[in-house]
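Visitor: Below are the chains, spelled out letter by letter.
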Amino acid sequence: MIQIDDLTKRRGPRTVLDRVSFTAEPGQVTAFLGPNGAGKSSTLRILLGLDRPDGGTARVAGVPYRRLRYPLRTVGSMLDGPGAHRSRTARDHLRWVARTHGIPVRRVDEVLAQVGLAEAARVRVGRLSLGTGQRLGLAAALLGEPEVLVLDEPVNGLDPDGIRWIRDLLRAHADAGGTVLLSSHLMGEVAGVADDLVVIADGRIVAAGPLDRVTAGYRSLEDAFFALTASREVAR
Amino acid sequence: MTPRAGVRFRDLAAAELRKAVTLPAVRAAVLGTVAGSAGLAALNAVGARGALGAGAAGAGPVPSAFDIAYTAAPLGAAGAVVLGVVAMSSEYAASSADAGGGRQVTATLTAAPGRLGVLGAKALVVALVVATTAVLAIGACRAVATLVLGDAAAEAVGLREAVLRTAGAALYWTLTALIALAVTVLTRGGTLPLVLLVANGSLVSFSLLLSRVTPWAYWLPDLAGRRLYGGLTTVPGGPDAVTGAWVMTAWTAALLAVAGLVLARRDA
Amino acid sequence: MRPGQVTAVHLARTTAAELSKLRTLPAVGLTAAATVVAGGTVAALAASSAVAGGASPTAAGVVTEVVRFVQAGMVLVGVLPVAHESAGTQLRTTFAAVPRRAVLVAAKTLAALVALVFTAAGTVCAMVGGAVVGSAMAATAPAWGVPGETEPRWAGPGAVVVSGEDLGRLAGAAVFLVLVGVLAHAVALLLRELVPALVTTLGLVLIVSPLLGSLTEHARWLPDRAAALLWAPADPVLGPADGALVATAWVLVVGASGGIRLLSSDAAG
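Sequences listed follow chains L, H and A, in order.
Each step along the first sequence adds one to the number in the numbering used here, with nothing skipped, and position 27 is 43.
Each step along the second sequence adds one to the number in the numbering used here, with nothing skipped, and position 61 is 58.
Each step along the third sequence adds one to the number in the numbering used here, with nothing skipped, and position 17 is 18.
Bear in mind the hints are in silico, worked out from the structure with no lab data behind them.
One thing to keep in mind: the hints can contain errors.
If the Cβ cut is set under 7 Å, some of the chain H residues that face chain L in the computed set are [said to hold, decoys possible]:
1. Leu9
2. Ala11
3. Arg15
4. Lys16
5. Ala109
Here are the computed distance ranges between Cβ atoms for each label pair [as the list claims (entries may be wrong)]:
6. Asp175(L) - Pro100(A): 21 to 31 Å
7. Gly118(L) - Asp237(H): 42 to 52 Å
8. Gly136(H) - Leu202(L): 50 to 60 Å
A short list of chain A residues far from chain H (calculated; beta carbon distances all over 12 Å) [what the hints assert, rightly or not]:
9. Pro4
10. Thr8
11. Thr25
12. Ala98
13. Val99
14. Leu111
15. Val118
16. Val133
17. Gly169
18. Arg221
19. Leu246
20. Ala250
21. Val254
22. Ile261
23. Leu263
24. Leu264
Using N, Cα and C, we set each Cβ at its ideal position, and we do this for glycine too.
Take the sequences, apply the hints, and build the full model.
Guide: This is the structure in structure tokens:
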């Protein structure tokens, strides 16, 4: 369960988040949509305790991320790529992450196999392709067997096989009662997997709710997206 | 930043140690320091043996193997700067853009949101790696010097003094590395601290120049700690070794405290 | 146009592009400015301490005393033009725009040289200015923090006189700084990445070279010590011109290996 309440963030004179509120429920895949620069990443960074809000709260499993005793056991996350040092191997990266939570090495090899990286385990991060780098980020997110998954553009760079794999993974995770929050630019992907939608534009939430309700009256999710976000562009 | 923000410190330190030993830059710095120091000591010892062989008796005191081993100390200080800087700057270096980008600090702080804990664990690991490197480097130098000189030079430095001076150099290097770590937290990039601290640790040190203008410069961390080297590279003036060590330690603690404060408050 | 002319035009355009990259990279401008300011400051400090100590230093004397202090800045200016490409994916764009890598290496080196010459000239001028200001200030003001030093002393006109021989040494100091920067550029061509190139060059110039200098006379063959003969007192084996040649040979050898590596390697670093 993710609860975002009245989140406000300013960078200099610019208000990048303006009283953003929404929830992502357990058992659902919630898609977080918005144009570039709308505030998706800022929201996710605050949710994960990386940045501080100027107002409001972001809670996961009822508490702010920084209050979680073993965060990776509750939330698995990936923001813009794996966030690994390029001169380390994929396996070494996961091993230090595992070490912070006392997760056994066995689990590292397990997730490497699960994301299809067993072959590339000893390849340095700098040599990974976009798709394999993305898989490494997913492996780190799955490491602690978390209840909540927060993924920024997870299908970015994945091949069709990988896209289907992650779609099934997210579906299964939600069906087992987990919470999934994913941001994406790919409307087709989102329409295929999301139960709920949250649309942000210019730092404000412009629509939120079940997929069919948000898209009611539009031919497709893409049409709904443009209509919802364009109105703000004009208003600006 | 509540104290109960809970990844155990022991696990955090173990993770930071793993990060450090799997980072090629750290391995290169340790290896470069040890091998470079040993090489310089060997060169120095060969020169000293030549001077002895030429029968320059009475041309001054016979150099001891220990003193010869000590000449490479400035190299170790530079190695310590590199270790302290890369421990932190590696967090902020972009991963390969091909692999999707991002910076390691995201992974670090999502795994361990307690930032003071992260900095503490990093400082501990940096201190450990640098102290180990110091003992290895000085030991290697000593061994090389003894090997080259053979019986030519009498050992004038007693065991107690040798241990004290080795500990002094190790402490100076460790504090230098921790200062580098703290400064890199503030700059987030490695370039500035590398250039400033390596330059200032060299013979053309700004602090040393400043000390010619004002005696207050002797209380700067690098000059205050200079006597930990045990006399070889010191300049007259300034606090004695023990006071200097405390002054340098106080600087280090203060800089780490500022770094901790900044790290805890700013956006990742 | 003949092939030679085509290459010349290509080189000129590529150099212009490389210069435009350097001009728009804030780190280069900031480093150059910081180096100039640092040069003026250390010269002022050295001059004022010399005057306070009762000496009357010449501008050239002060410059040669402190010129080593700004080597670090020159190294950074020298390393950045190549190293900044490897920090992201820009190298890919560069290779796509200039597939002829020999031209690229030549253009990069020319552009780096321009940046280095400007920085070195500015720094040496700032040092002369700093020396003049520093000695004048020390001559009229009490030394800071030194108990009992309250009597103003006049340094004499020596501080501002620049003779013909001095001009030679000042030019030598500027060329020395350029050579140190070009050496850093050559190392960067070889190592590509910022931190390894920076640590290698700084370590050589600031740490290893002075240490070796105190251990063995053969240290005169090191690039920075050879280049220093342009302003330092005469060496029994090498003259100033020989020193410059030795340093240039180092640059050529290291730079050529770096160039060959760049010519033969894949783009992804």
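Visitor: Each hint needs a verdict: does it hold in this structure or not?
Guide: Hint check results:
With a cut of 7 Å, the hint placing Leu9(H) at the interface with chain L holds, because the nearest CB-to-CB distance is about 6 Å. Checking Ala11(H) against chain L by beta carbon gives a least distance of about 5 Å; that is within 7 Å, so the hint holds. Satisfaction of the interface hint for Arg15(H) is found here, the shortest Cβ-Cβ separation to chain L being roughly 4 Å, below the 7 Å cut-off. Among the interface hints, the one on Lys16(H) holds; its C-beta lies about 5 Å from the nearest C-beta in chain L, closer than the 7 Å criterion.
Below 7 Å, beta-carbon pairs count as interface contacts, and Ala109(H) has one with chain L at about 5 Å; its hint therefore holds. At about 29 Å, the CB distance of Asp175(L) to Pro100(A) agrees with the hint of 21 to 31 Å. Against the hinted window of 42 to 52 Å, the Cβ-Cβ separation of Gly118(L) and Asp237(H) comes to about 46 Å, which satisfies the hint. Checked against the hint of 50 to 60 Å, the pair Gly136(H) and Leu202(L) passes, with Cβ atoms roughly 58 Å apart.
Look at Pro4(A): its CB is around 36 Å from the nearest CB on chain H, clear of 12 Å, so calling it non-interface holds up. At the 12 Å boundary, the C-beta of Thr8(A) stays outside the reach of chain H, the nearest C-beta of that chain being 32 Å off. With a least CB separation of 18 Å from chain H, Thr25(A) remains clear of the 12 Å interface cut-off, as annotated. Interface exclusion of Ala98(A) from chain H stands, the closest Cβ pair being 18 Å apart, more than 12 Å.
No Cβ of chain H comes within 12 Å of the Cβ of Val99(A); the nearest lies about 20 Å off, and the non-interface call holds. Separation of Leu111(A) from chain H is adequate, the least Cβ-Cβ distance of about 24 Å exceeding the 12 Å criterion. At the 12 Å boundary, the C-beta of Val118(A) stays outside the reach of chain H, the nearest C-beta of that chain being 20 Å off. In this structure Val133(A) is separated from chain H by more than 12 Å, as the shortest Cβ-Cβ distance comes to about 16 Å.
The claim that Gly169(A) is not at the interface with chain H holds, since no C-beta of that chain comes within 12 Å of its own (minimum 23 Å). Non-interface status of Arg221(A) relative to chain H is upheld: no Cβ of that chain comes within 12 Å, the nearest being about 15 Å off. Here Leu246(A) stays apart from chain H, with its beta-carbon at least about 25 Å from theirs, past the 12 Å limit. Annotated as non-interface, Ala250(A) keeps its C-beta farther than 12 Å from every C-beta of chain H; the closest such distance is 23 Å.
Distance check for Val254(A) against chain H: the nearest CB is about 21 Å away, which clears 12 Å, and the non-interface claim stands. At the 12 Å boundary, the C-beta of Ile261(A) stays outside the reach of chain H, the nearest C-beta of that chain being 23 Å off. Non-interface status of Leu263(A) relative to chain H is upheld: no Cβ of that chain comes within 12 Å, the nearest being about 19 Å off. A cut-off of 12 Å between C-beta atoms confirms that Leu264(A) is not in contact with chain H; the least separation is 22 Å.
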